[in-house]
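Undergrad: In case you want the letters, here they are:
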Amino acid sequence: MEYVDNSQKRNLIWIALLVIVATVIPFAISSFWLRIVTGVLMWIGLAQSWNILAGYMGYVSFGHGAFFGLGAYVTAIAMSLGVHFIISALIAGVFTAAFAAIIGYPTLRLQGAYFAIATWAFAEAIRQIVLVLPFTGGAYGMRLPPMLNENFFYYMMLLTIIGTVAIAYYLMHKAKFGLKVKAIREEEIAANVLGLDVTRIKISVFALSAFFPGILGGIYAYWITYIHPDSVLAPVIADQMVVMTMLGGLGTIAGPIIGAVVLFMGNRLLWVFWGDTSFYLVLVGLAVALVILFLPSGLVSLVPRLGKKDKPKVDDQPNSSVTEHTK
Amino acid sequence: MDLFFQTLVNGLLIGGIYIAVAAGFTLCFGVLHVIDFAVGEWVMLGAFAVFWLNFFTGVDPLIFLPLIMVLFMIVGYYFQPLLQRVITNQQSNALLMALAFTFGMSILFRGSALTLFGFNQRSLTTFLSGKNFEILGISIPALRFGATVFAVLVTLLFMFLLYKTKLGLAVRAAAERQDVAGLMGIDSSNIARIVYAIYLGLTAMSGTFLGSIFSVHPDMGLRYTLFAFFVVVAGGLGSIQGAILAGIMLGLINSFVAVYVGGQYIFLILFTVLYLILLVAPKGILGKGW
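As you go down the protein sequences, you meet chains A and B in turn. Sequential numbering of the first sequence, starting at 1, is according to the numbering used here. Sequential numbering of the second sequence, starting at 328, is according to the numbering used here.
There's no promise every hint is true.
As the list claims (entries may be wrong) - Selected chain B positions facing chain A (in silico; Cβ < 10 Å):
no. : residue
1   : 421
2   : 450
3   : 452
4   : 454
5   : 455
6   : 595
To be verified - DEER-style ranges, computed between Cβ atoms:
no. : chain 1 : residue 1 : chain 2 : residue 2 : range
7   : A       : 170       : B       : 586       : 50 to 56 Å
8   : B       : 503       : A       : 33        : 54 to 60 Å
9   : B       : 415       : A       : 170       : 32 to 38 Å
10  : B       : 591       : A       : 150       : 34 to 40 Å
11  : B       : 491       : A       : 193       : 40 to 46 Å
Please keep in mind that the hints were generated in silico from the structure rather than gathered at the bench. We put the beta carbon where it would ideally sit given N, CA and C, even for glycine.
With the rest of the complex left out, here is chain A (with noise of 0.2 Å):
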């Protein structure tokens, strides 16, 4: 390894650490809470993804629900069809991987509010599509096998989540590829220029952000069991991901980690006092407002040391490159 100061030192030791305290923690709590540390995990897993592909890319996707619960609905096909779980979970990560780059070729030629409604109407496509097809049980959703083991699953989502975290991180901050990608968020016409294959990193950086949430998907439909369309391919999904990473800062490693713990606890939080309720609907549009009025690089920019790694550069003219975008 090329020379590692201090600082890069103590964040290492702090990595070790969690990961330790990561591991024994299925051992120390309650199986409800583990339940809900579980669900935490698997929304950083989702929120990362999705600030891949808009956090660095510039890419805003309002369907990116549709790949999980299209890796939920593979999974169990794969299953009932007697593939054993850890596989069907990979080939669903590779199908929706698969399918975000076909999807994508066309798609991802549309640029700001225009990709953000594609991606918006494919998800709802997909809905329905899962809705009417033979082999998906329509409206009633499909059963899985159970699996009463929670640390299994807590292990899965862990795996997956730290692999996703530093696969984004490695991608996107250490490697050249993650240059190539910020070179398209800022001034994709110049990248173009500079020589850079515009389309293929789009397509891979696409297809990167919908393989985690594939698997993801899987893995919360082995976990649940029990999947419909209204669980998985609900609306909502989508909706936390952005909500999550906006909260807790684009484009930034930490940002959608914080985003997704201070989100899914408050969710859960609520849960536990007032049931299932719409006021956290009202609750998560008042944090984006507020967020996005007045903390606009999220929760992150309070702490600098998180926040500095990625802030986008501030513009000296306010409103001429807004007109220019959008043209």
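Start from chain A and add chain B according to the hints.
TA: Frame of chain A, contents of chain B only:
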């Protein structure tokens, strides 16, 4: 064959209302450069506002139309600066932020409506509800007919405003280049507020009609957000003529799919059409958008 013409008429009659939503929506995009994700929720709020007015006073919902329009125009006029603040937020991804902001607003509105009014569906009864008249063997629902005619008239009025008056000229100039319009002495921030006010007025009016033709419930917005997007993207973002054509097209697709294919496929088909349009003619069916 009768069924065919009946479907055609039904489609045309609902298309008029979509035109009203789309015209406001596309103008709002043209001037503010922001896609308002909360458009369906504004439709829903418009419908609920009428519902409660009707509930407490017992007066026919359609009488409240002007009141609703003025009310929502005022709301729009005072809400817009908040949105403006996000747009001009000095960050490179301001547009993305604005998109996410309206997205947050839509969640907020839907959540509030669900919390306050519950999940049940309500219906609005107007003096036109349930009445039909017949032309050439095709029965025409009076409410849909009245709604479409009214919506089209209001849209025409607003087109007149846009193309024949000085205010309209200022709006179009601001849509073209906001900074240059500002240099020419146009108060573009005020223009943006007026445009947003008009947009909300039209949307709330459509909400009244859609609520009385179909039903009023907190989740109704999602559907109309998708419809508004369809119309605006298919017509070409920012092109009002395109939006009008696409509004009629949407009405037709809707009614034909419901009759000949099945209502559950509607989003699937809309999505496919939208996708094809985006790929083949990304500037909209008239090629006039951006």
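Undergrad: Take a look at whether the Cβ-Cβ distance between residue 491 of chain B and residue 193 of chain A falls inside 40 to 46 Å.
TA: holds (43 Å)
Undergrad: When you take the CB atoms of residue 503 of chain B and residue 33 of chain A, is the distance between them in 54 to 60 Å?
TA: holds (58 Å)
Undergrad: The hint names residue 421 of chain B as touching chain A; please verify it with the least Cβ-Cβ distance against 10 Å.
TA: holds (6 Å)
Undergrad: Report holds or violated for the interface hint on residue 455 of chain B, using the least CB-CB distance to chain A and a cut-off of 10 Å.
TA: Violated - the Cβ of residue 455 of chain B stays beyond 10 Å from chain A, reaching only about 32 Å at its closest.
Undergrad: I want to verify a distance hint. Is the separation of the beta carbons of residue 170 of chain A and residue 586 of chain B within 50 to 56 Å?
TA: Taking Cβ atoms as reference, residue 170 of chain A and residue 586 of chain B lie about 54 Å apart, which means the hint holds.
Undergrad: Given residue 595 of chain B was flagged as interface, is its beta-carbon under 10 Å from a beta-carbon of chain A?
TA: Interface hint status for residue 595 of chain B: holds (5 Å vs cutoff 10 Å).
Undergrad: At a threshold of 10 Å, is the proposed contact between residue 452 of chain B and chain A supported by beta-carbon distances?
TA: violated (27 Å)
Undergrad: Is the hint on residue 450 of chain B kept, meaning its closest Cβ partner in chain A is under 10 Å away?
TA: violated (21 Å)
Undergrad: Given residue 454 of chain B as an interface hint, is its Cβ closer than 10 Å to any Cβ of chain A?
TA: violated (33 Å)
Undergrad: Within 32 to 38 Å or not, the Cβ separation of residue 415 of chain B and residue 170 of chain A?
TA: holds (36 Å)
Undergrad: Can the suggested window of 34 to 40 Å be confirmed for the beta-carbon pair residue 591 of chain B and residue 150 of chain A?
TA: holds (37 Å)
Hints 2, 3, 4 and 5, counting from the list given before, are not met by this structure.
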